[in-house]
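Undergrad: One letter stands for each residue in the lines below.
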Amino acid sequence: MAALFNRTNFNRISRIPPAYFVFAVLLIVLWIARPHMLNINIMGIFIRQVVPLGILVLGQMLVIRVNSIDLSGAGVLLLINFYISSSMFPGASLPFFVAISLATGLAVGLFNGYMVGKRRVSAVIVTLAVNIVLVGIVQFLASGKPPGDVPSIFSDIYNTKLWLIPTPVLFWVALALIMSLFLSRFVYGRYVSSVGANPVAALFSGVPVERTVIVAHTIAGLMTALASLVQTASIAVGSVRVGHELPILAVAATILGGVVFGRGEGGVWGPFFGVLSFALLFVVMTTFGIGESGKLITQGLIILLAAIFYGLRTAKSRT
Amino acid sequence: MQVAATRIGGDVKKRIEMSGISKAFGGSVALKNVSFELLEGSVHALMGENGAGKSTLMKILAGVHQPDSGEIFRDGRAVTFATPKEALDFGISTVFQELSLLANLTIAENMFLGREPTLRFGTVDYTTMNRETTKALAELGLDLDPKTMVSELTIAERQFVEIAHGIKADASIFILDEPTAALNAADVEVLNRHIRRLRDEGKAIVYISHRMDEIFEICDMVTVLKDSELVATKPLAEMTPHSLIAMMVGRELKDLFPERNAEPGEPMLDVENFRISASSEPFSMTVGKGEIVGMAGLEGQGQQRFLRSLVGQFEPFGGKVSVRGKALKFPVSKDGGIRYLQSLGVGLVPEDRKEEGLFLTLSIGHNIAMGLHSRKSEFSLADGYGEKIRETMASMSVQASGPAELVSALSGGNQQKVLLGRYLAAGMSILLVEEPTRGVDIGAKSEIYRLLRDFANKGGAVVVLSRETIELIGLCDRLYVVHDDTIVSEMAAENATEHNILDAALSRQASQVRLETTP
Chain A
1 MAALFNRTNF NRISRIPPAY FVFAVLLIVL WIARPHMLNI NIMGIFIRQV
51 VPLGILVLGQ MLVIRVNSID LSGAGVLLLI NFYISSSMFP GASLPFFVAI
101 SLATGLAVGL FNGYMVGKRR VSAVIVTLAV NIVLVGIVQF LASGKPPGDV
151 PSIFSDIYNT KLWLIPTPVL FWVALALIMS LFLSRFVYGR YVSSVGANPV
201 AALFSGVPVE RTVIVAHTIA GLMTALASLV QTASIAVGSV RVGHELPILA
251 VAATILGGVV FGRGEGGVWG PFFGVLSFAL LFVVMTTFGI GESGKLITQG
301 LIILLAAIFY GLRTAKSRT
Chain B
1 MQVAATRIGG DVKKRIEMSG ISKAFGGSVA LKNVSFELLE GSVHALMGEN
51 GAGKSTLMKI LAGVHQPDSG EIFRDGRAVT FATPKEALDF GISTVFQELS
101 LLANLTIAEN MFLGREPTLR FGTVDYTTMN RETTKALAEL GLDLDPKTMV
151 SELTIAERQF VEIAHGIKAD ASIFILDEPT AALNAADVEV LNRHIRRLRD
201 EGKAIVYISH RMDEIFEICD MVTVLKDSEL VATKPLAEMT PHSLIAMMVG
251 RELKDLFPER NAEPGEPMLD VENFRISASS EPFSMTVGKG EIVGMAGLEG
301 QGQQRFLRSL VGQFEPFGGK VSVRGKALKF PVSKDGGIRY LQSLGVGLVP
351 EDRKEEGLFL TLSIGHNIAM GLHSRKSEFS LADGYGEKIR ETMASMSVQA
401 SGPAELVSAL SGGNQQKVLL GRYLAAGMSI LLVEEPTRGV DIGAKSEIYR
451 LLRDFANKGG AVVVLSRETI ELIGLCDRLY VVHDDTIVSE MAAENATEHN
501 ILDAALSRQA SQVRLETTP
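Quick mapping for you: the protein sequence lines, in order, are chains A and B. At position 104 of the first sequence the residue is numbered 104 (the numbering used here), and the sequence of numbers has no breaks. At position 288 of the second sequence the residue is numbered 288 (the numbering used here), and the sequence of numbers has no breaks.
If you're looking for bench data, these hints aren't it; they were derived computationally from the structure. Treat the hints with caution; some may be incorrect.
[Claimed, not checked] Cβ-Cβ distance ranges computed for the label pairs, FRET-style:
no. : chain 1 : residue 1 : chain 2 : residue 2 : range
1   : B       : R390      : A       : L181      : 22 to 32 angstroms
2   : B       : A404      : A       : V25       : 26 to 36 angstroms
3   : B       : G459      : A       : A24       : 49 to 59 angstroms
4   : B       : D227      : A       : I16       : 36 to 46 angstroms
5   : B       : D383      : A       : I125      : 37 to 47 angstroms
6   : B       : G386      : A       : L305      : 31 to 41 angstroms
7   : A       : A107      : B       : D383      : 31 to 41 angstroms
[Said to hold, decoys possible] Not the full set, but computed from the structure, chain A residues with beta-carbon under 8 angstroms of chain B:
no. : residue
8   : S87
9   : R185
10  : R190
11  : S193
12  : S194
13  : F204
14  : G206
15  : V207
16  : P208
17  : E210
18  : V215
All residues carry an ideal CB built from backbone N, CA and C; glycine is no exception.
So here's chain B without its partners, still in its complex pose:
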């Protein structure tokens, strides 16, 4: 960070400058008069809540979207990118968060997709392609056969191939949108080494990540966006994680979260000797009445696999599960698991509300009442549940013209409330919630936190997964830190920080490595 500070102090050239960018999609404003500049040889963090406008800004830089107003300058001259190809030719390379590789092609075919070198008769020059790919992969320290199918790679390897793809394009500006989401600590270190190398070569890197530690580890500058507007651009040396969060949220975090519950009651969900896979360590956990428990840790460490195996949507290696003291027949079946658990009062609120949660083409009423209908056999008379639907909509303050409105017409926050409302209306007593506030604005977030807390206070029990550790710390009473498909630590949320959660997750890994290397 010292190095970074002196770099910024010196006379550095601007790689690119975006000035007064505004963009609206239909009626909703995505960016309002945002300015952003990238310096040569710096790693620039772009921060903000979901929906703050980060992705839109970067997509404009990458030529995916065109700004409604504002300009992009390079060396004082205005430039425009009509297509991603133009931006790429200009030297702007993007590694997007969602993996964009085609699984049924080889690594080399993916790397050269759309610009394959050809031989005299127009056939693809595989020799050159494979050679160049091997070289690009080697630069990242990867020893992979370019003829390997992408489907055979691990998620981390795919992410590296994606990065190699960007680096190979010989660009001068790199946009890395949550590049570490699928990587473990060791891979993150490899990636950081390459980012530093690129920086030292004088490239400019935009780094989007929600992980505070990474931001402070690797970035020099930070720009914060909030509600489509620029908050500030500052050198990271002047910031602390706390002041950065305050800048992102725009208010003190504690205002966002409801009061915690002092005393949890009798156990509602008991898990003993649970093993997610044959090679993972067994663990136990419990959730009491009135309690909200979070499953924290790095992403993809088994939190979701654990929660889904409780309702039969993932096949665990084994374990004992009891609900309100009653032992389940475990593991439960894939087809009947969700119905079985719902009959015991356990509801899983899935993460992806558009794909797994809601019936977008159907009404709010149908979406909410479905949890109630599902408790019955198909050959029983259907209740209208009009009163129940209205009650649920009112108690959750869903903003809509009425129960007949289609769910697809609602905002993300209201959709999320409808989804949660289905499980609340169905009278569940234990909720397993994946990503309770993904992609919803801050106002709706705070309301959803309140709803979950009310549910717990009325005698419910909640297990929450979230990528946003801050959310888990603020919302929950107790946290389990999950790493490598097992629980490695337990802490009161009150005393938890992002730092000690990461510490708990990673120190476990370090100690294991040590054990393995000791003869």
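Isolated chain A, as found in the complex:
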């Protein structure tokens, strides 16, 4: 009886995404060690830094839930950064940049979705290949030219605040809310859960499996475009080195947020807190004077712990 009770308890706890625990622990550490850091202005700045990652995660979460993955984010980011910072479109307006960025994200997402959903090509290979091609295109276009500047309107918007909260953070929260409502209130969310849990059963219950995968990749492409716009605004210059680590961090935050391959569960808020945990981690690391290498090691360890946690949980639920 006692064993039974423990097991249900374990199951209950293991259903909570690890991101929540990590977030809580980091918050407590910060509150004890550096209480003055828990200030809305300081936190706002740190959280603003992870907004591109946060938006990218909204798309990554969706593709991982349908058992796919999108590693083409860095290429899209570079290309969009190049559109804006080079003199490719001299004197273009903000709406033009937003439109061409979204069009690029849409095209890449549709292509990824078509190859993965319809042609059944391995998602890792397709999206990595797309990534390499995009990086190559940008290097070709940029060869011999010094990186330019980003029009100031980007950083102007990036630096605004609504009440005390930075606009990019609000933008991210709004997108997460929309995504969360879309998945919980619309039939598409049910399709995503079903395809994630068992694509064959989804097919036999009448779910348009291919279309679900294509739509997921398309939305991910659009999210990547939005993330790229925010990222470009935040660095304010052109660069061929920007954001190459973002896609893998996005996968990490998604897994930390309780979304796993091959299970139709998980939502928007787990990965959301996964991203917030990374933000807090940077704060904690910075205040303790730990450098870039230490941050990388810790990030990797957290991802590893999340994976072990899930292995444990899968093993438990099988017995």
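Since chain A is already given, all that's left is putting chain B on it; use the hints.
TA: Showing chain B alone in chain A's frame:
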């Protein structure tokens, strides 16, 4: 059978004796105090419903599982097998029902997997391996190159390779778990010849099969298990198929099945001139309102290919299909077929509920409501369907704590009900059901039969496939006998017996053979 009877009458040695075996997995009891003995030179049938404990008993004998209590004796001495390897070394060889060959290795590599002969420097001795394999295959009358990849073999050939694998191990006890499931009549005869040869050499053979004809053809003794307990062990000469079924089911069969429908209404599903493959004969079939129609015959003769091609999951050669008088664009596409047919009210309930049917990691509610959600476009608002889910669960008496419980926590019978419930809740008017009661207990079976009959009585039409011919005879109104990718006969289920179904299937084949051999 005469020979067998005299054998048993004589003073025969026991090969092995299992005494008072009990085994539980977690909380569920798989075997309760079961005793079983195997005589030298006999073929011993092990019978029982799915889940009766046959496989567990045999897995204990084969060293896969260890009993919780009870002992295994050989010549009066207790023996234990901690691993399958120990049982094999002891001379117990198993041919399991699921094919366990590796497709990307050659026949010889499969036969010697894990015990490859080596040369001086530790390299594999292919010459010996291939020679020995050719010899083992020849003993079964098979002329196959040992260097052939298993992936290039037919299912029947693979089954024979598997058997050759067991025989080569020079064992004295053979466990054959549904060895004929994938074989046609001619191959079954070849297999039977070898089983008889092994028997005459004094080996003991355990034969698990659901086909009555085979049991009476080849076996001497039968042991029946029911609900994890031993019912009886008897010489088959004292039994008839009827008394054997009564022993297995423990009650009269007619109690299990609901009343048939007297008069079918207008046709719901019409199939004309249908050809499963380019070389198969065309056939036609129809299902009326209120009718349950079964596709009977030996396993793997095209029943499933036919049903799946209706929803685009198999590509047939051609044919005309109409649903409620409306002709379909046929063949339907693989991606859109199921959705298209569901929009016309035709649902296919797949055979393998764990792999193809259910979302095990999701709730009962999600599993049931998915059929309803699928009728809509992804960008429409999702209904909660709370009422519909509760209604479905209640009408099917699904035993669970509530709609939020995960499907993986349910018993097989309840899972099957949830799967069926998805298609009933989605308001289908024609159900194509593959194996409606695979791996569920007898109580749930009878409930599922009632649900399907209720569905038909409310104006639905049902097509059923099943490996269990008894089930088809009891449940259906009308049967089509399928053989060699075509319908060879049609009969009222009331008058059907396992014997005349087999007869209809096989006589067709015999007549064809005759035609081909006539100059």
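Undergrad: Now, for every hint given, state plainly whether the structure supports it.
TA: Hint by hint, here is what the structure shows:
no., hint, result
1, R390/B <-> L181/A: 22 to 32 angstroms, "25 angstroms, holds"
2, A404/B <-> V25/A: 26 to 36 angstroms, "29 angstroms, holds"
3, G459/B <-> A24/A: 49 to 59 angstroms, "57 angstroms, holds"
4, D227/B <-> I16/A: 36 to 46 angstroms, "40 angstroms, holds"
5, D383/B <-> I125/A: 37 to 47 angstroms, "39 angstroms, holds"
6, G386/B <-> L305/A: 31 to 41 angstroms, "38 angstroms, holds"
7, A107/A <-> D383/B: 31 to 41 angstroms, "34 angstroms, holds"
8, S87, "40 angstroms, violated"
9, R185, "6 angstroms, holds"
10, R190, "5 angstroms, holds"
11, S193, "6 angstroms, holds"
12, S194, "6 angstroms, holds"
13, F204, "5 angstroms, holds"
14, G206, "3 angstroms, holds"
15, V207, "5 angstroms, holds"
16, P208, "6 angstroms, holds"
17, E210, "5 angstroms, holds"
18, V215, "7 angstroms, holds"
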